[in-house]
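J.: Given these sequences and hints, build the entire structure.
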Amino acid sequence: MALLKVSSLRKYFAVKKGLMIKPLLVRAVDGVDFSLDEDRIFALVGESGCGKSTVARLVLRLIPPTSGEVLFQGMNIFGFNGGALKAFRKSVQIIFQDPFASLNPRKSIMDTISEPLKIHRIVEKNRLKDKVVELLNKVGLGSDILYRYPHELSGGQRQRVCIARTLVVSPKVIVADEPLSALDVSIQAQILNLLQELKREYKISFLFISHDLRVVHYFSDTIGVMYLGKIVEYAKTEDLFGEPFHPYTGVLLSSAPVIPTSDTTHYAPRITHYASRLIQGEVPSPIDIPPGCPFHPRCPRRFEPCDKIVPELKEVDERFVSCHLY
Amino acid sequence: MRLLSVVGKRFSRNRLSVIGAVTVLLLLIISILAPFIAPYDPTATDVRHTLSPPSKTHPLGTDELGRDLLSRIIYGSRVSLKVGFVAVGIAIMTGVIIGSISGFYGGVIDAVLMRFVDMMLAFPTFFLILAVISILEQNIFTIMVVIGLTNWMDVARLVRAEFLSLKEKDFVSAARAVGVSDVRLIFRHILPNALSPVFVAATFGVAGAILIESGLSFLGLGVQPPEPSWGNILTAGKDNIEVAWWLSLYPGLAILVTVLSYNLVGEGLRDALDPRLWEAERH
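Heads up: the protein sequence lines correspond to chains X and G, in order.
2 is the number of the first residue of the first sequence in the numbering used here; add one for each residue after it.
2 is the number of the first residue of the second sequence in the numbering used here; add one for each residue after it.
Source of the hints: derived by calculation from the structure; they are not laboratory data.
Just to be clear, a hint being listed does not mean it is correct.
Unchecked claim - Listed next, the in silico EDC-like pairs over lysine to aspartate or glutamate satisfying Cα-Cα at most 16 Å (straight line):
id, chain 1, residue 1, chain 2, residue 2
1, G, K170, X, D99
2, X, K87, G, D183
3, G, K10, G, D272
4, G, K168, G, D111
5, X, K173, X, E39
As the list claims (entries may be wrong) - One-sided excerpt, in silico: chain X residues whose CB lies under 10 Å from chain G:
id, residue
6, L86
7, Q94
8, D99
9, N105
10, C163
The beta-carbon is built from N, C-alpha and C at its ideal position, and this holds for glycine as well.
T.: This is the structure in structure tokens:
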């Protein structure tokens, strides 16, 4: 059984245009399915505004869905309350993109990290400090920052504090919403290594949200490519990088700068037929999603049915793709 | 904390605000130490020296019953400051609670509470206070409560606006994700970050409350003689303005200086706590 299973998840936001006028709907997440197994890393990739972060918030039950469900260990998380909800909060944690915004500026590091310990009564009061120091050491920080405030720390240190806060409750799943993109490149590598170490040590599953294909290639087991609120391709990492099926995945890979190494050369030639056609234009507004395949206005390989019929996500060679080419 | 020292530095750059702050502090000391500073008992009458002009024995003169004006003004400051602080305290408590709930929960709760705020704002406050005071018992406690309960709306709106933006912040989501309860989220996570505009509003609020109290006492609906308050001294001054100008001038000056000082402090605080200027400071 999958640890986390997301099925037909939808989230529409209403944009009010005034009294008596029918509100416009932003279809941020428009029917997303995926599953995450124990001790695995599932990456969700896509351009800004494709609904990745909304999926993260839904999976954490920070916002209610419009429809669909998220099953955690087989139970729908939107049905939880009381004790079950508290247990769920202990099992699934989140790391945000911006470590400046995700720490309370008026709380010291000690306060921030010890709070979940107090709420879930994980350790005795007199052992709080020891436990916090232990967690800080685990993420590569010293006890010297215990009584510092977030504004006194660097971006990398803050992100480590955020990671320590998620570890407090010994979670089974960590949702990492672009945890690297606000950091310097040198720091990115350190944080990525830290996440990998933690995964090895605690067997935590990750829902890793990113737009950085290099990181995803290196880190994840399976990948879902999102476009305008839908998953357009869903495959094992090697398969996806080996040969992208969906044209969107193709242009996405070809627009990422690839440094030829022994690791990357084996897939580089296969995507060259997209290379001359870098992705054109902007992502259409999720208020006004194009008819047919949402990608067709930008697609280099569109043909007859693309602007009329919405493609379904179908299984092709043990992977899933939603494109009329297959 | 470093934040406090930065705010202090920014505040002290505004000279007028510093003057205001010093005056406010001085007024506080005077009202606390009133029994030791005042040269006479503020209610002791002296029929031989009624309406005597300022002199060496009575620096600000005496009133129609021969009471020392300086002593009465010093004791009057106690009333003003007490009303100012307690009324603002009540206003802030009410405003913070209503504003927090409104901003945090949003939706129907927000709509209902904000329409209630609009309704309260639609009343001409001073006349509402007059009406309520004339029905209830006229003592300082009633005045404080009534002023407090008619002046919380601005605070509620400010706090609501802060909550609306703060509740979307990642640190709030992160706290929610670790299982922090709503009450704790509101009071321990969001509220401490929403207090800057409340401090500013409170400072202006003290000035406003002092003015209202003076007005009420002047009309005879506030603090009742013989207990001195700046407002009811002015009433006596009005009856004798042709023969005893000092009875109108000095309590009037006291009100002016006090209100002006609080407003100056409020303005200084508003600039010092402005987060946009704050950002500029850091870089």
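J.: Does each hint fit the structure? Answer for all of them.
T.: Evaluated hints:
{"no.": "1", "hint": "G:K170 x X:D99", "verdict": "holds (10 Å)"}
{"no.": "2", "hint": "X:K87 x G:D183", "verdict": "holds (13 Å)"}
{"no.": "3", "hint": "G:K10 x G:D272", "verdict": "holds (11 Å)"}
{"no.": "4", "hint": "G:K168 x G:D111", "verdict": "holds (14 Å)"}
{"no.": "5", "hint": "X:K173 x X:E39", "verdict": "holds (8 Å)"}
{"no.": "6", "hint": "L86", "verdict": "holds (8 Å)"}
{"no.": "7", "hint": "Q94", "verdict": "holds (6 Å)"}
{"no.": "8", "hint": "D99", "verdict": "holds (6 Å)"}
{"no.": "9", "hint": "N105", "verdict": "holds (5 Å)"}
{"no.": "10", "hint": "C163", "verdict": "holds (7 Å)"}
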